[in-house]
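A.B. asks: Chain by chain, the residues run as shown.
Number of protein chains: 2
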Amino acid sequence: MAVEQKLLANAIRALSMDAVQAANSGHPGMPMGMADAATVLWTEYLKHDPADPRWPDRDRFILSAGHGSMLIYSLLHLSGYERPTIDDIRNFRQLGSPCAGHPENFMLDGVETTTGPLGQGFGMAVGMAIAERHLNAVFGDDLVDHRTWVIAGDGDLMEGVNHEAAGLAGHLKLGRLICFWDDNRITIDGSTDLSTSEDIEARYAAYGWHTVRCDGHDMDDVRRAIDAALADPRPSLIACRTIIGWGAPNKMGTAATHGAALGEDEVKAARAHLVWEHEPFELPDDIRDAWLEAGRRRQGDHRAWRERLDASPHKDEFLRRMEGRLPEGAAKGDYFDWLAANPQKVATRKASEMALEAINAAIPETIGGSADLTGSNNTKTKGQKPLTAADYSGRYIYYGIREFGMGAAMNGMVLHGGVIPYGGTFLVFSDYCRPAIRLSALQNARVIYVMTHDSIGLGEDGPTHQPVEHVMSLRMMPGLDVYRPCDAVETAECWALALQRSDGPSLLALTRQNLPQLRLERTENLSARGGYRLRAAQAGRKVVLIATGSEVEVAIKVADALEGQGIGADVVSMPCWSLFDVQDAAYRADILPEGPLLVSIEAGTTLGWERYVGRHGLSIGLDRFGASAPAEDLFKRFGFTAEAIVPRILESLARSRSG
Amino acid sequence: MAVEQKLLANAIRALSMDAVQAANSGHPGMPMGMADAATVLWTEYLKHDPADPRWPDRDRFILSAGHGSMLIYSLLHLSGYERPTIDDIRNFRQLGSPCAGHPENFMLDGVETTTGPLGQGFGMAVGMAIAERHLNAVFGDDLVDHRTWVIAGDGDLMEGVNHEAAGLAGHLKLGRLICFWDDNRITIDGSTDLSTSEDIEARYAAYGWHTVRCDGHDMDDVRRAIDAALADPRPSLIACRTIIGWGAPNKMGTAATHGAALGEDEVKAARAHLVWEHEPFELPDDIRDAWLEAGRRRQGDHRAWRERLDASPHKDEFLRRMEGRLPEGAAKGDYFDWLAANPQKVATRKASEMALEAINAAIPETIGGSADLTGSNNTKTKGQKPLTAADYSGRYIYYGIREFGMGAAMNGMVLHGGVIPYGGTFLVFSDYCRPAIRLSALQNARVIYVMTHDSIGLGEDGPTHQPVEHVMSLRMMPGLDVYRPCDAVETAECWALALQRSDGPSLLALTRQNLPQLRLERTENLSARGGYRLRAAQAGRKVVLIATGSEVEVAIKVADALEGQGIGADVVSMPCWSLFDVQDAAYRADILPEGPLLVSIEAGTTLGWERYVGRHGLSIGLDRFGASAPAEDLFKRFGFTAEAIVPRILESLARSRSG
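In the order they appear, the protein sequences are chains A and B.
Number 230 in the working numbering belongs to position 230 of the first sequence; there are no gaps in the numbering.
Number 43 in the working numbering belongs to position 43 of the second sequence; there are no gaps in the numbering.
The shape of chain A in the complex, shown without the other chains (with noise of 0.2 Å):
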């Protein structure tokens, strides 16, 4: 290379500080101390092709330390991407820009993951590392045969998600990842001696990592670290010891750079100290070309691999997988006519199996799992084998008690393409896997969340293993389908819309308990529309029931009582309120009419139930931590039977003839 490689660095420490100056806003202090690493990763060791940010073949690059964002957009400006543009920096951080704060996989092309929530790039990464080895399993070396690289900084290390993920890339041995740890002693806070006293690479080593050493502002060193990661058959942690705002000479090794402009004088400062004479957001021809080139490096590469791709019999499948289109007659619906047939009374958890033996026949792409509740998830399926590091074609991941580690992995997986995994826990551990589920809606990763025992119908396990408030609370993250259906019949339909659905995740809660199978008849998917009459009123129409899950068996025994004493009631059952919310104001007023007194029965939280039942409706609900005993009996204690809502309903429809 013509130009010196420092220089090409320090563009990255001048797009860094220039950016976060003009937006006086942002964190310098990761990208001008990684700089170095970062250069050498990308101009010889990195394989992608600007020209095709999406070239499937391509290394992912992920950085796990994403308020360090000004990284990675310099990196891809200045290797040739078509964004973001020089203008595109310059608006870091302003409305509409792709340089969003955090990196943005859904706002720019090169932007393997959004990134910020700490420890969760990181545990995307061995997603990704690990549907790199499945996908090599199944179609090759021609293939798939690239690697997974992450930059991680003191807080991705320190987040409980970074020990589940690593535990579980050392366990399935992901040699093809590498980390490099932004190792410069400090955090927000100050020091990392203030929090922390632990030794990283032992702890590395612990989970079966190979760990290396090296100075990150020594380019040869950083060199010899990456070729003994690559030598070594086990997941690599590269600990890159760099000082913090490298090159500003006030500030750098100190948490003042880490979060905040450096300052007009710290800038100026620091083109004095990098001997960088260009003005802000400038690049001299000599360094723009070297990158340039280097960005093109691997287009020989990359062409070969189309040339292998158009050579090969598996060319359409390997497409079609990495474009997430689902197989021609995934969608046949024998399964249904089957279930018309043979009315099932099992709980929605094993009807979630027997819809799921369907599918997994029917689509190869997917890969199941469970945070060490397989026999209760009902997750596992009789074909599928475990994917293990003997064996990576399996479609089946035993992620053990790693809820959060599951949810980043499955996030990575989805990213990656070519795969839809769904995942396993009890519904209240979906509190331990939320910050990855928000990062599923938010990146549009269909990620299907397999949650059973979704109240208190799980019984004895007590108000520890109880949902009273999840199913609502996850019912308002943006992006995110929640799924409760009643029966087997809709847990069918609510498993078929979560795989129809390619931009974005869905959660399933679905019962320890068993339940009558409630639709008899072959129909289209009613879930599409998310509520639906399910049983109109005979008698005069007084009462709108709405139900979903377990209850909607409840609710029709509350409308079979009061339709006894002469009152009609219709039953709506209601898996998905994202999808009735959209549907057009007819059909939502005819479902939910005015009129009538409305009530909702859900064993959770009332609030938020005003939605459909307004004001003055009835919603019964549990409001309060459950207990432990037989469902039977929490039912019964709660409120949740046809004798204990039949008065309240009676109560209120007397109250609002006489109101």
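No wet-lab data here; the hints were simulated from the structure.
Which copy is meant is left open, so a pair is good if it fits within one copy or across any two.
With a Cα cut of at most 16 Å, we get these calculated EDC-like pairs of lysine to aspartate or glutamate:
(1) Lys6 <-> Asp218
(2) Lys6 <-> Asp286
(3) Lys173 <-> Asp193
(4) Lys6 <-> Asp289
(5) Lys173 <-> Asp199
Once you have looked at the hints, place chain B on chain A.
C.D. replies: Same frame as chain A, but now just chain B:
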């Protein structure tokens, strides 16, 4: 001891397998596996007095692997605690029994923490050990000098929170914390080999822990390991090799013993194997007496401690703190007087810091902290020294980037007693510690969460950092008071309420951006009613605007604009829904009357606001993720300005007139 110790352990095994069998539900494997080690600990080492389970200087014992609840119920019963009785144990997992599926501190003295959600018992133990050292530093060895013992399983040590908690414990050199790892190599899914390959002892050594290994069925070896742990100044991990379900001859060592009753046949076989010839729930006198004698072992120490307490000049202060009573005069209100005289235009996070200056000066038992966002959360006041390994008397903890570990530690501190912890992070990262917040609520623990950057108002950091669904989804957690104050006065009021509440957690959602002081008169604590009329309509009231936090300022501008058009509008500030919802009906109807158009304004999800505005009110909110841009641009972009809101209100008024 007259009776062979192995027989004492078998009493635990018998009670455990019989109780689980009677309930036909529960986890016999863990208590049967750890019975020997637990017997050594409880009969020889543990400092406690069954006659006074709340003796402040007792050792704390935490069964982090809470599914093995029959272990602690057996230990408490055998040691002579008043409860559980043998009938309580017979009713294991039945409605009303204090022997719940998982141990619940609010059901049974001697159960120090509610466990079951894995990893958190361990995390709470770290908090207890911190509280112990802090109070020791304050009150001296005479009054505070005890240990914290934990039993953790593989699941506890796979969960991410154990990484955060162990890192913190190592850093703080909590040498009086000793954790038994029940190394039985079995999880629910089967062998631990399915999901993990890590060297746990090496990992703990990397955190700065002492580690030692023993045979969990060899009581001498257990003793040797405990003695080594006691002798070492570091926190200790005792890797205790056990066989799950030890004693059940056909099932021991397998996952079949983990989470289900052994079955009548296997229980019978275990009786034979253990040579345990007693009926279920029957204990022979010699074994019962030996256990009771062991339970009385430390009564002399307890008496001596009482004598030291009675002689201590610190007695009143020590008891005040341990009983959770605030100091006299803590609620003087000088700060409120000052605010009325000197209105402050500050962010509520800054207002929180100002309130804390007064609080920390008046209440010596507060211990603050932040998960590495001290300067952003404004959680550290001027006089606060850090709590460090070198000085445990400090009152500020640099928790590091460990939100979940922080939450769990704070729960442990409260449950230990004697301190009132508060800790900060960004509101969006409440997701990272949500499982701990839930345990604060379930355990009735006075933890105060200081959550700043509470909406898109944080600006440029973008959607990964902008809470949308968080405030509402926290409101629906039973037992948690969520506060979103609108100015400096409300912030101080909410702090006062959070501190006064001794039986549960509070969470303050605070702004990054400055807000004008809207409350200019010295009044009683208006936030105590949850919501109140901040300003009454001047023209004829046609609209009631309900807002929280930063949007109250917006509501006032909207009201001004409406009044300018002759439309009267009340402005209601609603800082705490849970407090408002328990006001009497007349008060609530006065604040939120029928008739006027009800309009909510909050920069978060609208789902939930129907509770106050009904099906036909108007909710101004944000039902999508935010974006990266300066705060003002975002408020404009997403319609949180009077200019955007007034036309929507006029339209709604027109519609309701015509409808």
